[in-house]
Every structure is written in C-alpha cells, then in structure tokens.
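Take a look at the letters that make up each chain.
There are 2 protein chains.
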Amino acid sequence: MPALPTFPIDDFPVMWLRDNCPCADCRDPRSGQKLFQISALPAALRLDTVTHTDEAEGPAVEVIWAPDGHRSTYPLTWLEANRPGGPATGDRRTDDRKELWKAGDLTGRLPQAGWDEYLGEPGVRARMLDSVLRLGFMLLSGVPEREGQVFDVAETFGYVRETNYGKLFDVRVEPDPNNLAFTSARITPHTDNPYRDPVPTIQLLHCLVNDADGGDSGLVDGFAAAALLREEDPEAFDVLTRTPVPFVFRDAGTELRADRPLIGTDPLGRVREVRFNNRSIGTLRLPAAEVEAFYAAYRTFAELLLRPELQLDLRLSPGDCLVFDNTRLLHARTAFAQDGARHLQGCYADLDGLASTLAVLRRADTLEPLAQLFAGPGSAEYLGESVSMAEHMLQAGARAEADGAPPHLVAGALLHDVGHFAGAVTGHELMSGTDNRHSHSGADLLARWFGPAVTDPVRLHVAAKRYLCAVEPGYHNRLSEASQYTLRVQGGVMSPAQVAQFAALPGAADAVAVRRWDDEAKDPDAPTPPFEHFLPLLTALLRG
Amino acid sequence: MPALPTFPIDDFPVMWLRDNCPCADCRDPRSGQKLFQISALPAALRLDTVTHTDEAEGPAVEVIWAPDGHRSTYPLTWLEANRPGGPATGDRRTDDRKELWKAGDLTGRLPQAGWDEYLGEPGVRARMLDSVLRLGFMLLSGVPEREGQVFDVAETFGYVRETNYGKLFDVRVEPDPNNLAFTSARITPHTDNPYRDPVPTIQLLHCLVNDADGGDSGLVDGFAAAALLREEDPEAFDVLTRTPVPFVFRDAGTELRADRPLIGTDPLGRVREVRFNNRSIGTLRLPAAEVEAFYAAYRTFAELLLRPELQLDLRLSPGDCLVFDNTRLLHARTAFAQDGARHLQGCYADLDGLASTLAVLRRADTLEPLAQLFAGPGSAEYLGESVSMAEHMLQAGARAEADGAPPHLVAGALLHDVGHFAGAVTGHELMSGTDNRHSHSGADLLARWFGPAVTDPVRLHVAAKRYLCAVEPGYHNRLSEASQYTLRVQGGVMSPAQVAQFAALPGAADAVAVRRWDDEAKDPDAPTPPFEHFLPLLTALLRG
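Protein chains in written order, with the working numbering: chain W, 900 to 1443; chain C, 900 to 1443.
The shape of chain W in the complex, shown without the other chains (with noise of 0.2 Å):
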C-alpha cells in the first residue's frame, strides 16, 4: 500500500465535521438532505479512531466518533476544499460578488445578445445570465415582437411573479395611471416596487414600440453608487442602511407597505439590496433628529445616484429585452411625445430562479469531457459488435430507465464502457488479447463526476460477466462473440471462491444488473436516445 497524505484533521470543529458527514445515514443519498438533528448529535462529541485509507474515489480520512461509534468517511480533497477558515462561498447577492461599473466601465462590452444565439447556444445563455448576477443586467436583441413574449424569455431561467399589476403589464400612456410609470413624464433612477415584500429581484422590459421622441432608457448600478456613498460620505451611507423607511402603494384594490432601509446590508455589512424610488417614500415616524440625519443622508444619495457618469443609457428597440436585477440596478427614463407611440411590456421574476438555471447550465458544461467522448472516440465501431461503443452504451442507459433504474444505475449502466478510452491500454489491445481493465480505468475516470454509486457497477461490470458465466445456467452462450472472447483475456469464468467472494460484495447486485443491461444494448434496431438525453439525470447525480 503506498504511503497515504495525512491531514491534520483535529484543526476541524468537531460538530462541523460530524454535521458534514457523507455517509448513507447521514444523508438521503437520493436526494442529498440531512436525515438527523442536530440536537441528536451526541453534546461530547470527539474523534476516537482517525484512519487514512484510499478510497476508489482516491485517499480519504476514516473517523470513528467517540461516544456512538458512528464512522464517517471524508475524501481528502473535499476537506482540503472545504478547510474552516479558507476563501468564503457565497450566494451571489451581495456585493463583493459583483463587478460593480459605471458607465464608461461597459462602453464597447455590453451584456448583450441576440436572441436566437441565447435560446440556440447554452454556453451564450450561461454567459448572458451571469452578467444579470454579475453586472446585475442583460440585453436581448431580436426578441419577436409578439404580446407576451417577455413571458417565454422569462421562462428560459426563472418563474414568473404575479403582483397586482398583473403577470404582466404594459407601460405605456393610460388615461387614468395608478401609477406614473403609465404616463410620459420624465422618470429618475429608481427601483420598482419598493412598497413590496419581498419585492420582486429581477424585471424584465420588453420593447415592442418606440417611435416616440424621448423615451429613452437608462441604468445605474446602485451597489457602486452604494460603494461611492460609503467612501465619500460614511455617515450618510451608516443613516440609510440603519432606517427603516415606509414605502407605500395604494389604488383601488391594493394597499402595500413595505418598512426597509434604502441600502439592505447583510449581518456582515455588506451591500445586498438597494431600494431606492422618490415616488413611494411614504411619512416617516421618527424622532425629529434622526428624521433630519435621514433626510440629509437621503439627498446626498438621491443627488449621487444622478451623476452623469453613473448612468448606462440605452435606447430599446423593438425586440429589445432588457432582464436586470430589481434588488440592484435603478432604471430611469426620459420623458417623452405624448402622441408618440411606446410600448412596453414588462414583468417580473426572481434572483433564486435564475442562478438555479445557471448553475445546472454549467452542470453540463462539466459533463462536456464525457459528451465529447460519446460524440467523438465512441462514434468509432465498436469492438466486434454491429454497433458504435456510444450506440452501445446509449442502449444500455435507454434499457435501464426503461426497466425504472433508479438514476445511478442507469448512469451506470450508460457509462459502464467509458474506460476503452481512458486507460493507457485501448480497447483495440483487448480484442488483440491484453485485458485493458477498462472497468477499473472507467471508474477511475468517472470518480471525476461521481461517487460510488455510479462509479462501483462501472468497476465490476466485467467481474459481473464472469460471475454470471459461473453462477447462471445458458449466460456464457447467450453472450455475443466478442464478449466469450474477452472473457478469456479478463480471468475466465469465476472459481467458487470467487464467486464467493464477488457475491460478498456491497455492489454486487447493482453490477450484475448494469451487466445485463449491457449484454441487452448491441441491437442495432434498438432505441438509441442522444447523449444529451441524460443530461438532467447526470447533472443530479454530480458530486456536490
């Protein structure tokens, strides 16, 4: 056995390390959530036993608590990723996870493009919906100009919020506005609907009209307007996150208020939402004093906010979207002709959604090593078989979710050759009569993406041949050629002990049924879905 890396493991907070734990009681392997309390947790808890072992997934530390006895296994890596103290992860939303910028930052690199690339190109809408997280905003061109179509460019990353205003709304001259944005008259940066909670994080302005003279957009990004406060004027920035103000709405059939500061921050002071709209400032109640400190922070913002040099400004055309985040980014407008014609249409949607949709995009964007694998290499005939390696292994993975594998075997099943590709011996060799162990090669590479539960089947598919050749009556003879051939090059049929020893095994059954699902897939007439079919269930099964 080869000398193992230790790891200082004491340097870890103990309730940290237990809460951690991977194991299969700790957490629902399926859908990854805790299956204990915390309180259940043992108050004296401490490490009895610390072993280094080397796991298929590759070297891990083995604890064994002391007083219950539970044994947990961590992956070297994921403690060294995950060490107290190291660089802090975040959820995106506040602002030193942003690209702060004022106009002039963005000239020549606008967040945009158009829609028929976004819709067609994953890697376009990754980049587009990281720069609504990152710059707080992008825009679409060629978006048809249909009514309701700002709903399907919702849909691409989030779900739509219904207010009072609708699912959607028009923004254009009314005759009897509830509210000035369905006028003409000049509009100054601001944030929309400050009165709710929680207020809507993104909205979305779809240009179906433009003709007027006026009307035109503009964008100040309000985290460096915050950033700019807090340097220049430091009281005025600790006033207006510290007072709560009253926002208010009411028509006819709506009465909202919402009481927040004009900059949210997070208990670590960081900036994480700007609210910010003259319009809807309701009466403050507060001591005379603090009312005039508010007040006077309050312009010194209201009159930075308006520097020339912070406003982004945008003409939208028809088909134009413009998606921007609502907690972050003010939006203003000029005035513009009465008689012209502006419209509109709008709704809203939310943050969460939205990073969701990015994080699985990228997800695939991981996988692309595997997808290239099927595209390319395994596009090549397959040893001996009437169909491709991938052909054969798309068949394997379409068998197993026909049968109602649970996810893990059918990626199993779908992956199970991917090792006549990775290891140093190729699969040409194996048919020349040297075993390439592409079971243990394709494990090997697949603990890349995904633990155990895949990567076990993968590791024992083979040994899973030469069981099923010992143990069941007619399996050798139903076997293609090539398969009776390689058999031979991959140790024969199982001796007794083996077979012992095999059926012993945790994974053995997962093996054998990712094994069957094997020598099913080399039909050429059989169902064939593409790689990119089993891309949700792959993402799911990444480790985390």
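Wrong hints could be hidden among the right ones.
The list treats identical chains as one, so a pair stands whether inside a single copy or across any two.
[To be verified] In silico lysine to any residue, SDA-like type, Cα no more than 20 Å apart, as pairs: (1) Lys-1001 / Trp-964; (2) Lys-933 / Thr-1182; (3) Lys-933 / Val-1072; (4) Lys-933 / Ala-1231; (5) Lys-1066 / Glu-1054.
Calculated directly from the structure, the hints in this document are not laboratory data. What you are looking at is a predicted structure, and each value in this text was computed from that prediction instead of being measured.
Given the coordinates of chain W, work out where chain C should sit on it, guided by the hints.
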C-alpha cells in the same frame, strides 16, 4: 372667523415637512405618488410664513416656503397624527407587531373558520387574514377536497409563487423523492425553502386524504422561540443573527443556494425572519472559532425549538387548509405508516399580497356607515320622485361612470344627496319649505372619508341647479316637479352677480357635471347597480 388652534410647526424637520406636501404639484392626485425629486428641493429650505386657516376639511396650517415660494397646506389632524417621535407604525413583518405564542396560549382560540363563512363574510375573512399576520397562521375547514383547490384559497388573498416544485406540490409518498417531504419519515419543525431567496413567505397546505396512522402536523412560533433564545442565551441569539448560513438544494433541474442567518433581524434589531431547516444546511466556511460558536448556538436553538410546550399539535382532516407565515412559523409532521393514505396539496404565496388584501377589506369596513345609509334610510321613498333616494344616488353614480367620469366625480354623483340623512333638518322638512342645506351637511359628512375633490361638487350641487336655471335656457323646465319646488326653498334662480361668483369657483364645472347626472337619475327603469359595485372606486379615494 373663529379662533384657530395653533400648532408648533417649528418642531417638524423642514425637509420632512416639505417632502410630505400634499399639493397637486407635489403628489399626483390620481396615484398619490410624489412628483418631485428630493434633490430638486432647495438645500436651504425654510418656513417663510405660517398661517392657520380653516379649510373645508377642518383647521389647517398653510406654509409658504423660502426661498422658492412654494405653498403647502397641512390639515392639523394630519400634523398631529404624524408628529415626529410619535408611535412608529410598521409593515407588520417584525416581532414587535406580532402576538407571540406557545401552544397553550391558543387553547380554545385557534384562528379557524369554515370555508363558506370565510368566503361569504368579509368580517370573517379579515379576522382570518389578520391572524396570519398576528399569530402566523389560519386554519380553514370545509375547503372542497378537490385537487388544485388550494389555488382557490391562495387567490382569496394573493398570488401563487411558482417554484421548482411547480405551482402546486403534492405531499405524499413518492417512489423517487427529491425531498424528504415526499417520504413517510418524521419531519421536525422547519421552515420551507430556506435555500430560496426571496424565500416564499406564505405556505398553504390543503389536506385531501389523511387515513394514515401518524402524519400529524405541528406548528411552532419561531418568533416566540427566538425571543426565548434572546432571553435565555443572548450570546447564542447574537451569533445566529450575525452568521450567514448556506442553505442548499439540488436535484436534476435545480441548484439553489441562499446564505442567510437562522434569525434575521431588521436594522433596529427586531426579529423579522426565522429560517430553520436542518436538512438543507450546507457546509459553513468560517474560521474555526466562529464555526464552533455557531454550532453551539445552532444546537441550543434547535433544542429550544423541540420543547413540547412550544409546539401546537394539529391533525389535518380532509378539507382542512392550513395557511401560515413561512418566515415565522416552523411546521413539523410525525412519521406515518407508509401504506396509509395521506395526501396534501400545497403551494406558496407571499405576505405582501395578504397584507394588501386585508388593508383593502378594512377600507370597506370604514365605508360601512355609508353602506348602511344606502341600505337603511336611503331605501325609503325619495321626496316626491318615483325612485328611492338610494336608487336615485346609485343611478347618478352609474350615469357618471357610463359617461367615463373620473372617480372623484363618480363618487360625487353617487353620494351627492347623503346630506338628506345627515343634517339636523330632514329631507321631509325641505319638502315642507325649510331648506335643509343638504348639500352642505352631505359634504361635511363625506369629509370624514374623502377630500375636497369629492366633497366640493357635493357641496355645490344645489348651487349648480340655481346656476343652470339662470344660464341655460330650458333647464328649469326639464327639472322634476319636486326639484322645481325645492329650488324656491333653496334660494331660487341665481342673480347675475351670483352667477359670476359661482362660475369663478374652482369646483364649479365639477358641480355642474354632478348636477346633470343628479337630474337624470330619477328613472325607475334605469340601471341601478348595488352600492358594493362602487366600493373599489370609493376605497381608492379614501383619504390617506
């Protein structure tokens, strides 16, 4: 002129006072939104002259501002109600606006109602919605046991929030659950979707079937628990308010993460949000000492939340629908026999919509005296006409509405004759030759609810008759007999001097318009909507 009370207007911060100017240049009369930027006000703003005046609505303070000469008129009642340092109001999200409870506190006073009375009686509906804000929940019974019916419940107060679980989620045992909710396991008290930001603030659970052994529900007031924690272990409370905790969820199509503290406070330290779910707490990345402090506090809070005296036990029966504040209440369920049938349907919604619905319901409460007036004395005969007084006013309102009149004129037409019931001198005495000055007593009565836009045309609608008789040939002859009779009692046809004086009044045109709808509204066959038809319009016109 009577002596006017004086008011210490100098106590008010000038920027606050000016920002609250109610004039039509400062606030859009229709939307109530502010029309100016705070930064557009003169920096060196001060009171130039202050005069106490007597307006139609009562005593007021008129301010002329320096240096810009702007004029603002503040009703004394408004100044008194909004004096700086007076009792703060708020948005009802913070713990100081709640009634905190332990299970025993609710014995015999569960906030519950039957579905039919909830739907049919606005008072019951208001009491139930208020319970959600005050206690954190309401329990409806007798909700039809139809799939999707939970949407009907949500629509009584707000909008459904769609998530990755769909618009609707089924809580029952699923073959391949992505969440423990969809198994038969016990689930300890928790809030839902802590990994979502913004988190859904309301949850609805509608019971369709509950034949299983077990599967009982429990509710814990998280704000009460947080208050206990603050009292018993202030350091633990502080740690939980200042430590952002990663909450995570992932499945095939979703990857959510929110970093929020277990106890969220507002800038004034009031508890505003509890987020607690052991299943989805991810891996904290903090220095070891902070991790240890967090785990100690987390454990203390978790143990506290499990105290039996905190948990209200409920067993949902088919037809029950539980609606609760997901930012405050934790919900739990006992384990149940996997073969027993248990099926709930749930959806999410938001508190802001519910609070708005309640506020609007309460506006209707405030109009109740007017509704009573139409239903009671107003339904009596109209003096000398072939419709009742109520029918006459409803027809006038309907005609104004049909003519596309703005809301304040529809209201004026609808309410122009309420003075017949309000004054010391009745309508019958008018018909015996004593002017009851019902236009004035009506306007005075209405000033309790409405501003001068509504009350002025009412006050002048008798004068408008006298005016039209003077200036419009044929008008007098078209009047009903009763109207011709009362004209004499009311002062007769205007003299040329009176005509000039009337025409110069700012409300003259509105009063003439109301007068014409009045004159036309005496037709027993004309459309006569019920008073409730006008409630949304009237409530929108209520004084702020």
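Query - Contradicted hints - numbers only - result: As far as the earlier hints go, only 1 is violated by this structure.
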